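K.L.:
If you want the building blocks of each chain, they are given just below.
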Amino acid sequence: AQKITQTQPGMFVQEKEAVTLDCTYDTSDPSYGLFWYKQPSSGEMIFLIYQGSYDQQNATEGRYSLNFQKARKSANLVISASQLGDSAMYFCAMREGLTGGFKTIFGAGTRLFVKA
Amino acid sequence: DAEITQSPRHKITETGRQVTLACHQTWNHNNMFWYRQDLGHGLRLIHYSYGVQDTNKGEVSDGYSVSRSNTEDLPLTLESAASSQTSVYFCASSKAAGPNSPLHFGNGTRLTVT
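In the order they appear, the protein sequences are chains A and B.
The first sequence begins at 1 in this note's numbering and counts up one residue at a time.
The second sequence begins at 1 in this note's numbering and counts up one residue at a time.
Treat the hints with caution; some may be incorrect.
Cut-off 25 angstroms, straight-line C-alpha distance, at most; resulting in silico cross-link-like pairs (DSS-like, lysine-lysine) [to be verified]:
#	chain 1	residue 1	chain 2	residue 2
1	A	Lys38	A	Lys73
2	A	Lys103	A	Lys70
3	A	Lys38	B	Lys95
4	B	Lys95	A	Lys103
Bear in mind the hints are in silico, worked out from the structure with no lab data behind them.
For clarity, every value in this text was computed on a predicted model and none was experimentally measured.
With the rest of the complex left out, here is chain A (with noise of 0.2 angstroms):
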């Protein structure tokens, strides 16, 4: 079963404009962690963000953010003053505690692009 849904395949943004990129999941484990990952159209993945499930503040760093809401299963990043180069693909990914193995699962991608 899919634990890791991110329903927008691709999203618009306007330079300068914000962003939110949606991302759903689904764990029995109390200790998990968020986290996003971006790859650039050169292909590497490069860790953007983490969430802690017990963290009580949503994680900011530098233009992102994660709008973490536990009840609902949510870990929305959010992309403040878009830049050209925030065109990319971005994923959102749950590693498990040990219930889980401590693996990390991600979702299938939203494609961002970023109009001048």
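Dock chain B against the given chain A, drawing on the hints supplied.
P.N.:
Here is chain B on its own, set in the frame of chain A:
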């Protein structure tokens, strides 16, 4: 700087041949993973290892094997390559096994099976 190196970057092979993809990391991480990336599926876990002599099957392990004889290397072997194994393969490592530890990725190997 520490890194993960995958080789080759590109490989074309024929159906039925055995193929080995190399992964070498200098992070000194105990935890290493192999994923394949296919359009519409994101990254799917093939095999993983939490230390020397430890290997585990992921969700798409059929037709693949790994061995871990040292900390730095986790080679992925396709026993008898099939066209369905045409994909981009990523090796990754993490500092810790816990749920708060992000993955560090290699640059990927693009494998084509003809």
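K.L.:
Each of the hints needs a verdict: does it hold here or not?
P.N.:
Structure-based check of each hint:
Only pairs whose Cα atoms come within 25 angstroms are accepted, and lysine 38(A) paired with lysine 73(A) is accepted, the gap being roughly 21 angstroms. Of the pairs offered as hints, the one joining lysine 103(A) and lysine 70(A) holds, with about 20 angstroms between alpha carbons and a cut-off of 25 angstroms not exceeded. Taken as a hint, the lysine 38(A) and lysine 95(B) pair is honoured in the structure, with Cα atoms around 20 angstroms apart against an allowance of 25 angstroms. Under the criterion of a C-alpha separation no larger than 25 angstroms, the hint pairing lysine 95(B) with lysine 103(A) is consistent with the structure, at around 13 angstroms.
Of the hints listed earlier, there is not a single one the structure fails to meet.
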